[in-house]
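Residues per chain, in single letters:
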Amino acid sequence: MEDFLIKTKGISKEFSGVRVLNNIDFELKKGEILGLIGENGAGKSTLMKIISGLYFPTEGEIFFEGEKVVINSPFVAKKLGISIIPQEFNLINHLNVYENIFLGNEKRKNKIVLDKKAMRKKTKELMNKLKTVIDPDTVIEGLSVAQKQMVEIAKALSRDSKLLILDEPTTVLTINEIEILFDLMRNLKDHGVSMVYISHKLGEVKEICDEVMILRDGNFVSKANTSKISEKEMAENMVGRVLSEVYPEKVSPDSDLCLEVKDYSVDRVLHNISFDLKKGEILGFAGLVGAGRTELAETIIGIRKKKSGELLINGEKVEIKNPLDAVNNGIGYLPEDRQGTGIITNFDLIKNTTLVSLRNYGKFIINKKKERERTREYVDEFKIRAASLKTKLEFFSGGNQQKVSLAKCLDPQPKIIIFDEPTRGIDVNAKREIYFFINDLVKKGISCIFISSELEEIIGMCNRVAVMKEGSLAGILEGEHINEKEIMYYATGVKGAA
Amino acid sequence: MPEEKSFFKKIDITKLGPLVALAILFVISAFASPYFLQVRNLLNILSQVSFTGMIALGMTFIIISGGIDLSVGSAVAFSGGVMIIALNGLLQVMSEPLALLVGFLVALGVGIGCGALNGLIVTKGRLAPFIATLGTMAIFRSLILFFGNAGNLTVDFRYTMLKDIGRGRTFGVQNTIWVFLILTIILQFVLNKTRYGRYVCAVGSNEKVAKFSSIKVDRVRFMTYVITGATVAFAAFFAAGRMNSISTTQVGDQYELDAIAAVVIGGTPMTGGTGIIWGTVVGAIILGMISNMLNMVGVSPYLHGTVKGIVIIGAVLVQEIGKRSTSKLSN
Amino acid sequence: MKKAFLLVLVVLFVFTAVSLAATYKIGVSIPTADHGWTGGINYWAAKAIEDWEAKRDDIEFFLVASSDPQRQVSDIEDLMVKGIDALVILAHDSAPLTPIVAEVYEAGIYVVSVDRGLLLPVQDVYIAGDNPGLGRVAGQWMAEELGGKGKIVALEGIPCVINTERVEAFEAEIAKYPGIELLDSQPAYWSADTGYEVMSNYLQKYPEIDAVFAQDDDVLIGVLAAYEESGRDDIKTFFGGAGSKIMIKKVMDGDPLVKADVTYPPSMIATGISLAVFGVTGEPLVGFYQQKVPSEVILAAELVTPENAHLYYEPDSVF
Ligand SMILES: Nc1ncnc2c1ncn2[C@@H]1O[C@H](COP(=O)(O)OP(=O)(O)OP(=O)(O)O)[C@@H](O)[C@H]1O
Ligand SMILES: [Mg+2]
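Residue numbers (my numbering), protein chains in the order written: chain A, 328 to 825; chain B, 847 to 1177; chain C, -18 to 300.
Incorrect hints may appear among the rest.
Taking lysine-lysine pairs in the DSSO-like style, the calculated list, with each CA pair at most 30 Å apart, reads [unchecked claim]:
1) A/LYS336 x A/LYS648
2) A/LYS690 x B/LYS1054
3) A/LYS648 x B/LYS1039
Computed far set for chain B versus chain C, every beta-carbon distance over 10 Å [unchecked claim]:
4) PHE897
5) PHE1003
6) THR1016
The set of hints was computed from the structure by calculation and includes no laboratory data. Keep in mind it's a predicted model, so treat the numbers as computed, not measured. Where is the CB? At the ideal position from N, CA and C, for every residue including glycine.
Pulled out of the complex, with its shape left as it was, chain A reads as follows:
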């Protein structure tokens, strides 16, 4: 008999009568890392929310350290020693880093006065552990998505927990940060902390987890030791069928330039960036966290004010002062920060899908029928899982929200699309479908800028790869130069002009 830290028996969950988890049993030993995988909407986050007290199960029991427990609030979970890094950021935007990290857990002097000094110090220590430089006094709003993710991780670490749940913590992180995180996880493991790790990056799961549990449509499929199961097998277990080639064959672009960016600069963020994009080309943007890729995209679509630089579309100079100008010039943007800038969580599927393109649905009065039909097309195209077209996005799983965000970006039918982490939180199978979809777009003459922290997909998808470093363009790679080693050389400054 081994002693389990946590054990569930017959956990089920229904939302307004719809069963999204069915009779799940799982157990976790002390110091064990369990991988949890499954398609978008399979029920991974829901299961973890149940364990961390955010949802209450419709049926089932939970045993913690051998005793039956009723976790009916996050507070109870916290007391038991369960921490969660949620899939969607749960940070208060106008508070600063240390205030967020210690929210509800404040350090106090004599039990009354806040001990800000101690909290700042502890925050610095945590950041050192994560090998990240973030000032404890920065307000969350000013952080990049990757930095926010690091703060979430630090927040979970700040509590001494017995069970740490990580729900897709690496979707926006690059190799460096991921390695740091994994080191930390190994360290925690050595100290007897158990962890549940959710990810769609199966390589990571294989690397860090001892065991992997697979869910499909809310049902338990299998559980295996990670040394005994290949990535391919994991993926096939997830979708329930054999998978084919992941990346489509690359299409060679036209020779015409459709976008030229010349000498773009933004104070302290971007320095003299110039590049061009051919018609039907996929231009990848790689770089470490903080290299300025998202900032560049935001500058191109007119969210950020540029200090210098000009933009040419099809050889003609255009001035883009705001996102509307961008849309009118045929530029689309899929934001990286899904809930912060991408979708409106209290809008339903239809309203989100047509938010940018609403002008195409009537000058003044909205043609609701057309809206509904178009949305349904996207639902079919991307296999978006939702209760109905009128369901608010807050009730969607993370990956399905991402698919809606994608539909919203595509609906105005832009000629140039900037994808910023397009497959963030999307399962392997859906990823593949999205890759093929993008490839179809390119075949139709649409050009794409493809920003991603996953080198693999950049390498698999892009005709050329621009590598950024600290706000500058370090180099543009072509042909056989597009490989992991070369990209990292440029990204870290071993090669190229910075």
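Could you slot chains B and C with the ligands onto chain A? The hints should help.
Only chains B and C with the ligands this time, still in chain A's reference frame:
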């Protein structure tokens, strides 16, 4: 994918809250006073709430977009007062109907101007709406106190057309009620069927997403104040007509509170993002019905505030509880 | 729940019973008690209604107090629903109430307008206090008290017709005495707080004051407080106006500073209600040889002195 198949499942129970409250109040009132059910009394209630009701319609847009307007009451006095000053001048030089028409346009212009000023301060000045409109509330009131010497601005009693329209009826129903109804239909349409209405909700839900989605956030915000300015002008016209005068100290006093209360009772959350125009109408009627019922039963006017307060808090509490139970679902 | 339902039924029953018994319905519309004098109005209106209801059961009264003119218009609209036969109204403000009272009057309802006149002749009876009389009586008494010699400061009310009438009559009276000098006259808005402020300024500004005319007993409270705080003892006499309970008591008790007062009685609303009863029932006034109630009644401004103060003292009144 199933889609709005069963009508009843789709209807949000929390949205029916205000209607249920209205129904309960209606039944209680009918029992409490033998006069309550008289058509004349019911019409009275509607006409009495139509002033704050019209403003509350505009206020609904502002609140959905995430703002607030405290200046509406002062703006009623200001636009109504300026209209009467203009009217008294115009009556010397032109026929009464023409003067009245021009006078109305003056009120509309001033009302929209007040709204535009609020909108500008909020969007271009980046001031919190609460502060901005607190300021203009003081400004509008003080200006009209100055113009009117803190007294009444009265239309010469030889001219009765303003009063006749303001107090008059069409097909047996007060003109104010008709106007309230028409404004309701228009604004309900704008909110639910037009692009602008969708944008207002988007801006109120998440300003950043709206901005990234190529919505001109500032313009959308600005327009909510302008719309409210227009509803203020209609309210001012009828308030002036109802009393043939504008009391510069009293007219519009605390209208902002009643308007906000109507919006909130009607199920539009103060946090913005969504809103229900007909809910606001129901909210306004509930408020009016409370006063009317208490009056009919003979409860001291000093206690009206208590009952009103309880209803406001109660209505919002019920909505909150409803929301909590649907968001946690099946718990 | 059952109890509540029963209660509702009882209330309903009582209401129908009352409305069946009554042959005359009289609506009374007054402002809420936002200061002392309107407090008195509320008291006297309720008292008159109580007295009449004790006396006869064929009359039903509906009393509504409104916080502002708009509310008062609404409240009168609501009274109309009840099918009133007579309306006694003390208007918040003349202009805004004129259209609705005109509507009431044109509907054939007997209208008694109290104190604040309307801009159109749309009432059957107008009853009010004597504003010039108030100024005149005050001026006369003060001049005699000072022996025709001394320095006076005055405080005024809200700038309006009523105030002007009072001030002009007062000034005309003391102008007859060349030995009396009016140092200053500033508005105190019939409010004790403003009275306190204005008086404090006067005390700073004028080293020598013999008498103060506050025009209103509420204001006089503030004035006396300011005087007491200043520690001065040169002022010989203070005179308010309207006849509040507090000031009448002072006069009655022989207060050295407040020796007299003049009435502007809030009880006029009670008299107004009585006139409405006579008017609507068609009963002539006792001792009048006419069939109808007089169309205008101006109540005398009565001088209250230690000798007659007990006649004016109403311990239960709020004013
Ligand atoms: N609050 C809720 N109300 C209604 N349905 C919900 C709610 N939360 C989740 N669901 C539904 O439950 C299912 C499982 O969602 P969950 O978030 O657990 O998926 P997931 O496995 O984490 O997916 P992803 O990989 O996309 O994050 C989805 O179909 C989702 O629409
Ligand atoms: Mg998830």
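Consistency of the hints with the structure:
{"no.": "1", "hint": "A/LYS336 x A/LYS648", "in the structure": "violated (57 Å)"}
{"no.": "2", "hint": "A/LYS690 x B/LYS1054", "in the structure": "holds (23 Å)"}
{"no.": "3", "hint": "A/LYS648 x B/LYS1039", "in the structure": "holds (29 Å)"}
{"no.": "4", "hint": "PHE897", "in the structure": "violated (8 Å)"}
{"no.": "5", "hint": "PHE1003", "in the structure": "violated (6 Å)"}
{"no.": "6", "hint": "THR1016", "in the structure": "holds (17 Å)"}
In the structure shown, a violation is registered for the earlier hints numbered 1, 4, 5, in ascending order.
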